[in-house]
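Each chain is listed here by its residues.
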Amino acid sequence: MLQRFSLGQVVSFLFVLLVFPMGWFVISSLYVGAQQQLAEMNQRLFQEQLSNLSLEVVRGLRQGDMQSVQRFVAVAAASETLVHLSVVDKSGKIMNSTRYAWLGKQAKDVIPEFNQISFTQALQEHKILSYLDTENAEGYIYYPIDMSASFQKQNLGQGLMVGKFTFQKQAMILEQKQQQQLIYFAVVLALIALLFFVFLRKLVTQPLAASMRFIRDIEQGKPKAMLEVQGTKEVVHLAASLSSMYAALQSSQSSLKQTHILLSNILESVPDLVFLKDTKGVYTGCNHAFCTLVGKASEADVIGCTDFDFFESEQAKQFIEHDKRILTQGESLRSETWVAYPDGRKGLFDTLKSPYRNEQGELLGLIGISRDVTDIKDLEAQFHQAQKMEAIGTLVSGIAHDFNNILAAMTGNMYLAKRSMLQGDAPEAIAKVERIEGLSDKAATMIAQLLSFSRKGVMQKKVLSMKEFVQELLLLAKVTIPENIHVQHDIEDTPMMVHADSSQLQQVLMNLLNNARDAVEGRREPTITVKLETYTPSETFKQKHGFSNVDRLVHLCVQDNGYGIAEGDIEHIFDPFFTTKEVDKGTGLGLSMVYGAIQSHHGVIEVESKQGEGASFHVYLPLIKSSQDKKSIEPAMQMIAAKGEVILLADDEVEVRQATSEVLETMGYRVFQASDGEQALSIFKEHYQDISLVMVDVVMPKLGGIQLVQALREIKVQVPVILMTGYDRNNVLKTGSMPTQSQILTKPIQFEVLQATIAQLLHGDSA
Amino acid sequence: MKHFAYAKFLAFIPLFLLTTCTIEPPELLKVGVNQWPGYEPIVLARDLGYLPQKQVKLVELPSNTESIALLRTGRLDAAALTLDEALNVINLGTELTIVLVFDFSNGADVLMAKPSLKSLADMRHHRVGVETTGVGALLFHAALSQVKLEDDDVQVVYVPADEQEAAYMRGQVDAVVTFEPIKSRLKQHGAHVLFDSSEVPDLIVDVLAVRTDQLEKQRENIFQLVQGYAKARSYMTQYTKKSMQMMAVRLQTTSHDLKQIYQGLILPSLSENVAYFSGSPSKFERHTHKIYDFMKHQGMLQREMSLSHIQDESFVMRVNL
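Line order of the protein sequences matches chains A and B. First residue of the first sequence: 2, per the numbering used here; consecutive thereafter. First residue of the second sequence: 424, per the numbering used here; consecutive thereafter.
Bound conformation, chain A alone (with noise of 0.2 Å):
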């Protein structure tokens, strides 16, 4: 109802509806008083007129002169106030009146308000009775008089002017005066209920008014000038912060329009996808790259559709398996998925979903941000490989520095060897020939170590031993760290194992040691150490790296006392391309690789340094537990007499094939050499009932190794098959499919090993 109203109309009201009945109540009050005040002047101006007429009255009637009487009285009705007058006697009868019909009449009978105990009590008590009217403003009295006189033949002794008066032209006067003021108050009251209105329209409500329609303009995006209006202090001051908060908004919203076509500039530029769905799945937003993906021209689009109108339905529902988790768990997820591009390519998405929401904390939904990786993995496998291959650059040429002294060693022992022959002293030739294998099998440890350094592949995590393979690592680097540097290393003799990619961990113990080498260079006194041992982390480590469900670490520390890293360069060590080396001297890829390569590793590394007093690195890997320790046991390897099984050699390198040859037959077996496929497949043809295995090297010329056995099997399919390879194994397997009932020996061939592999496979014998 109010809401009608305005503030001026309601003041105003409100004014009138209180001061009017006070003041008509305060008028009135006035007015009761000012009318009985006015009956009682009247009656008493009444009383004087009659008490100034009874003195000629009196007199008239003491002389019997009643004409005269008569005249004074009628005379006397001419006055306004007097209605009627009558002289009565004691007996109540008109002796002189105004009216000349009530002459002679009794009062009783003709004189209206005529009263008889009134007329009675006044003539017995000789006093004047009066009685007011206010209400018809009219009076009556009874006026004692003394008719008495000696002289008269008849005396009137007492009597009364018996009279009514009226003043209701002075009370009209008055109720008009009433009613007057009445009217003055209604139109003043009026008159000030206006200028109330019209101020508070002026001051108050015009001002509001304004201001509203000020807010409504801005509401309704109309562009407006500052709120200017006049009013009171409190309204002024309302508009000023009005027009303040608009310009602050108009700032705010220029901001925000300038960061929401910024933001919206990066969503549509960046190649990366980036889209919003709400909590059931649906999408309500996404980028350009996103439309691209899903084959959609706009975002529009886009807009309210599922992935089930984009993906598979398989993939659509892990999509929707990986949103529920994410809204149900309130955390990030980021997986791998291969999707397919419209044009039927296919590409490999890393994509980071997490969860968003509204100021309140309530979800509202979740945004993904997802990229092809398919280049960066390739890139990735190129880069390792480019890595490894560095590595093999710096190691075949401390290789080659050994291998030179080992042939020179090998040489000099052949030397004397033969010369020992020749003099005949056999237990002498056999010591140097024995020196002579040594030194063969020192080189063959280290081209395999070579070979499985450089192998090619993607990350192949196993259960390895971390004190084999430093000590093994430790081995091989030697050739890469100059001798006059002092290794030195402190190895727990416990296992350690770890779930891990051997040729990854491999890059990263050699890239902190060539470092560390690199660092000592030039120092006095070089050193490097390598600490190996089991590590109980904290629970601040564990809170800090993220450990939360591993009690056990690896901790491996490689340490110098080079030059040190200056202060400002720890914190981009690991960083990409980053390199204090000189030019040519190093990509800045070596620590970058280590970290990554640590990372997939579910690990950690840090760094201690300071200038000039060396670097310490820690790698911290977590340690299987117990249950999943496994500890590679070699075979122990039984020797079985050979009992003159056939045995068909295939070699291409006359060298080897003639060597084994001898070696097998000094076990006891008999033997065919083939110097190729084609041939050793003939000979198997002749005679293979007899034949009880097969040797064959992996690469021979005509027909290859694994060619040959598929040939060999289709002859005799249970015939046992030792290949032969001066390759990494895992190159031979790429090769073609590893053949059943077949074992595979890396050349050179440790002859323990083959009579065990033969007699495993002849006889099934076995750890």
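Keep in mind the hints are simulated off the structure, nothing from the lab. Every residue gets a Cβ at the ideal spot worked out from N, C-alpha and C, and that includes glycine. A hint or two may mislead.
Said to hold, decoys possible - Here are the computed distance ranges between Cβ atoms for each label pair:
1) A:Gln-38 to B:Leu-515: 37 to 43 Å
2) B:His-612 to A:Glu-114: 36 to 42 Å
3) A:Glu-114 to B:Arg-593: 53 to 59 Å
4) B:Lys-640 to A:Phe-186: 28 to 34 Å
5) B:Leu-730 to A:Lys-128: 53 to 59 Å
6) B:Gly-472 to A:Gln-107: 20 to 26 Å
7) B:Asp-545 to A:Asn-137: 39 to 45 Å
8) B:Leu-515 to A:Lys-128: 44 to 50 Å
9) A:Ile-184 to B:Glu-727: 50 to 56 Å
10) B:Arg-547 to A:Glu-114: 45 to 51 Å
11) B:Leu-730 to A:Glu-114: 41 to 47 Å
12) A:Glu-176 to B:Lys-640: 17 to 23 Å
13) B:Arg-593 to A:Gln-38: 50 to 56 Å
What the hints assert, rightly or not - Subject to a maximum C-alpha distance of 27 Å in a straight line, what follows is the list of computed DSSO-like cross-link-like pairs (lysine-lysine):
14) A:Lys-106 to A:Lys-91
15) A:Lys-109 to B:Lys-665
16) A:Lys-106 to B:Lys-682
17) B:Lys-664 to A:Lys-106
18) A:Lys-178 to B:Lys-477
19) A:Lys-170 to B:Lys-706
20) A:Lys-106 to B:Lys-665
21) A:Lys-94 to B:Lys-665
22) B:Lys-610 to B:Lys-537
23) B:Lys-640 to A:Lys-170
24) B:Lys-541 to B:Lys-610
25) A:Lys-234 to A:Lys-203
26) B:Lys-477 to A:Lys-109
27) B:Lys-640 to A:Lys-178
28) B:Lys-571 to B:Lys-537
29) B:Lys-654 to B:Lys-706
30) A:Lys-462 to A:Lys-543
31) A:Lys-109 to B:Lys-664
Given the coordinates of chain A, work out where chain B should sit on it, guided by the hints.
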């Protein structure tokens, strides 16, 4: 447009206050009447309630002498007078306007003498009681004129009407110029009529004279009075007996006597009043001029005066019963 509305409102307020500032006090028309039967219908109108009490008040006076005195001093606003009395008052400086004709005397005014005086001529050297300012003087001079007597031929004694009977009884006068009801009472004492108004028709006219200064102020009250009178006249025609009884009481006579008295009067009806006041000059104006000339000739008027506004016929014309 709104500002214009405010301006109009603000301008209206002082106008409104001005109109309400002056309080017009209610006026009361005080009319003097004596006990002349010709005036009695107006008293009957009051008794019948035809006159609004707050607007019209009848002041019953012993004679026209008091009426004239009170009228001149302003204590009365109007009075029932004879036309000559009215002219005399005007001549004395109080402007009056005639609004109604009550009656024409047609024998009601008489010159009565004691039985020894047989004719008008016998009045020579005798004492004649006359109201010198009233109709008595007019009739007296008319009577003298008829027998060609002069004022000096008789002994004129001033006697107010209410004292005429007593003066005659005491022998203070031999003849008296009087009217009803004194006429009837004197007749009972042996006096006989030597001359009456029927011998000089239209000479004695009773009228309602209003102070001219009250004419405009009390126009409505005057109208109420004239209308009340007209209603009473209508009542008299319709209820003659009852009205006669009512009027006889005040006149202290009987209905029978009152009827006799009215035979000596011509009471013009409302339409006759209208006719009497109509025309230019109206019959009333012509009659007034005649009386004025007579009075002037008789030396009853002190000065010349204009009679151009002597009548206001609007009240009788407005009445519509």
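So, going through the hints one by one against the coordinates:
no.: 1; hint: A:Gln-38 to B:Leu-515: 37 to 43 Å; in the structure: holds, 41 Å
no.: 2; hint: B:His-612 to A:Glu-114: 36 to 42 Å; in the structure: holds, 39 Å
no.: 3; hint: A:Glu-114 to B:Arg-593: 53 to 59 Å; in the structure: violated, 40 Å
no.: 4; hint: B:Lys-640 to A:Phe-186: 28 to 34 Å; in the structure: holds, 30 Å
no.: 5; hint: B:Leu-730 to A:Lys-128: 53 to 59 Å; in the structure: holds, 56 Å
no.: 6; hint: B:Gly-472 to A:Gln-107: 20 to 26 Å; in the structure: holds, 23 Å
no.: 7; hint: B:Asp-545 to A:Asn-137: 39 to 45 Å; in the structure: violated, 60 Å
no.: 8; hint: B:Leu-515 to A:Lys-128: 44 to 50 Å; in the structure: holds, 45 Å
no.: 9; hint: A:Ile-184 to B:Glu-727: 50 to 56 Å; in the structure: holds, 51 Å
no.: 10; hint: B:Arg-547 to A:Glu-114: 45 to 51 Å; in the structure: violated, 56 Å
no.: 11; hint: B:Leu-730 to A:Glu-114: 41 to 47 Å; in the structure: holds, 45 Å
no.: 12; hint: A:Glu-176 to B:Lys-640: 17 to 23 Å; in the structure: holds, 20 Å
no.: 13; hint: B:Arg-593 to A:Gln-38: 50 to 56 Å; in the structure: holds, 52 Å
no.: 14; hint: A:Lys-106 to A:Lys-91; in the structure: holds, 13 Å
no.: 15; hint: A:Lys-109 to B:Lys-665; in the structure: holds, 23 Å
no.: 16; hint: A:Lys-106 to B:Lys-682; in the structure: holds, 23 Å
no.: 17; hint: B:Lys-664 to A:Lys-106; in the structure: holds, 22 Å
no.: 18; hint: A:Lys-178 to B:Lys-477; in the structure: holds, 19 Å
no.: 19; hint: A:Lys-170 to B:Lys-706; in the structure: violated, 39 Å
no.: 20; hint: A:Lys-106 to B:Lys-665; in the structure: holds, 19 Å
no.: 21; hint: A:Lys-94 to B:Lys-665; in the structure: holds, 25 Å
no.: 22; hint: B:Lys-610 to B:Lys-537; in the structure: holds, 9 Å
no.: 23; hint: B:Lys-640 to A:Lys-170; in the structure: holds, 15 Å
no.: 24; hint: B:Lys-541 to B:Lys-610; in the structure: holds, 15 Å
no.: 25; hint: A:Lys-234 to A:Lys-203; in the structure: holds, 13 Å
no.: 26; hint: B:Lys-477 to A:Lys-109; in the structure: holds, 24 Å
no.: 27; hint: B:Lys-640 to A:Lys-178; in the structure: holds, 20 Å
no.: 28; hint: B:Lys-571 to B:Lys-537; in the structure: holds, 21 Å
no.: 29; hint: B:Lys-654 to B:Lys-706; in the structure: holds, 24 Å
no.: 30; hint: A:Lys-462 to A:Lys-543; in the structure: holds, 23 Å
no.: 31; hint: A:Lys-109 to B:Lys-664; in the structure: holds, 26 Å
Checked against the numbered hints given earlier, this structure breaks hints 3, 7, 10, 19; the rest are met.
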